Amino acid sequence: MSVRRLRRSALLFAAVTMIATPVAANGYREKGKQVVIAGSTLRVTPPRDWNLLSIRPGKKAETWTLDGEQLNDVTWYAGIAADEPLVREISRKQKPLPKLKQSTLLVEIPELLETTYRTERQIGDFQVTGSAPDPFLGQPGIRFSYSYVDSDHLPRRGEARATLIGGKLYMATFDAPRTHFFDRSLSDFRALTDTATLS
Amino acid sequence: MIAFARGAAALVALLAIAAAPIGKAPPPPPYAGIYQPQGVDEIGAWREADEDERALANAPEVIRDEALNGYVRGVLCATVGKDRCAATRIYVLRVPVFNASMSPNGTMRVYSGLLLRVRNEAELGAILGHEFGHFERRHSLERFKAQRTGTDLLSWAAVLASMAPGYQARAGYNTMRWSVYGQLYHYGRDQEREADLLGLGYLNGGTLRPQAAASVWHNVMAEVEASSRARGLSKPRYDLFAFSASHPPSAERAATMEALADPQGDGRDDGADRYAKALAPWLPTFLDDQIKLNDFGASDYLIAMLAEPGWTPRLWLARGDLYRTRGNPRDLVNAAEFYANAIAADATLADAYRGLGLSLMKTGRPSEGRTALRRYLHLKPDAPDAGMIAMLAPAEPVEP
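Chains as they are written, first to last, in our numbering: chain Z, 56 to 254; chain U, 1172 to 1571.
Please keep in mind that the hints were generated in silico from the structure rather than gathered at the bench.
The structure presented is a predicted model; accordingly, all values stated were derived computationally and were not measured.
Among these hints, one or two may not hold up.
[Stated by the list, open to error] Ranges of calculated distance between the beta carbons of each label pair, as one might list FRET restraints:
(1) Lys114(Z) with Thr1322(U): 38 to 48 Å
(2) Thr1322(U) with Thr96(Z): 50 to 60 Å
(3) Ser109(Z) with Asp1254(U): 52 to 62 Å
[As the list claims (entries may be wrong)] Partial list, computed: chain U residues near chain Z (C-beta under 8 Å):
(4) Gly1210
(5) Ala1216
(6) Val1266
(7) Ala1332
(8) Leu1404
(9) Lys1463
(10) Leu1529
(11) Leu1563
For glycine and all other residues, C-beta sits at the position ideal for the given N, C-alpha and C.
Start from the sequences and build out the full structure, keeping to the hints where you can.
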């Protein structure tokens, strides 16, 4: 390979890398600026700065965090339709995930999240610790809490808010290690989800 | 190279074992007493295993129920003998997969998915004996050495092939690479065969029925088949195995175990009643962990297997939950029937009323559904989802 061709391909490589970088990078969700979740009609105005992870759990989902992945994750599920799983399936044939059904009731949403977590991570210890009616996005909704031991052996706790609108599921979950992180950022999750609206 | 030749000789010897005509498994060699690791490789492997065990001892998924742990230990001791089992540390883990393992330092991990699948002490003993066989023969060390020898050989061959002038040498290297990998996988499968042989040796010499070892694999095959059928996959082939398969095919294992079992042991007790009694406090939890794995075929097969001695309210409830979670309209109708069966057998089973109520509400019978949900709230007023259920089924207005 001549020096010129070598230089040209190196430049091309650098250019492609520069173009590709912003797409692959984690994002920034600035305080007070309204953003759209996963290209849907769900809009959020964060009351404080958040980070958006570039790795998305599914086509209609995205994950935000304060301190880093798996430390305090807020995952938005925006408009999951009937017969769709919450997150991306690793193998649709060999390891299918539970799907939202047309007949799924609001009270069954915790079970849907539980079976999704259990199936995806092959874990045995997951408990829904409470659930109560609580409006979300201005509609009748559910707020529930849960605790589980994740596949990395770390006990975690979670809280979630969900509602079904026109057969589509809108949900926000907060997952954090039981020690320190959950209690510290729970109020941030609550304040954040209070700003969510559907346009 | 000498090491490789030695490895090859050992491999040939193992192949001879595998190819030998099958008869009753011989009794295990006399117990050699407490063993300490020898040489850098083994000392290193034990240190790693010790470190893993320290983490395991504090792991949240370990089930610390004294009765269950004592029972599993009892089954291991009945299989391999009191002298052998004394040094083993058993950890029962709440992980819903069919597995058990044993580390070189004598740490045994037993997964809750295994306890759910075996039906009696003899079947559990067969699996635990197999794992103990790996430990007694120090298979992980042998495999580590075989892998190191194989990869060393390939590294040197790669260097030599890159220095060679012709295409032939590199082509020869590629052939050799596949051959070495193939032999390593083959070696792993032969170790499994040897552990099966030892496991049956323990069972033949113990008090439990050795024929149970084969039935474990028959059940595993039936379960995988049921799972594939429900997912619309083609029927799995149990007589074939992949190039990189870690274990011999299940059909081969079942046939070998049948042949290795002592025919005179057929009349022995398999401890099914004792097993069912010991597992009873944990069965609802393990079953719940399984049905929430979204594997309809396997879960339905397991429930039917557990129901062979007779249907219990808990099993009807589990089946109802399984069908309701899949959630096709026909499933909901079936689920309502299963919940009704559970309630007929035990009218105080609150969760069955919940499942029944939700299934009825979704199949166009909301007023009956609300009645069942109110019954659930009456039986379990402090249920975690009481608020949500109360919204679905508000208390009936009091007549003026």
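Inset, instruction - Provide an ascending list of the numbers of those earlier hints which the structure does not satisfy. - result: 4, 5 and 7
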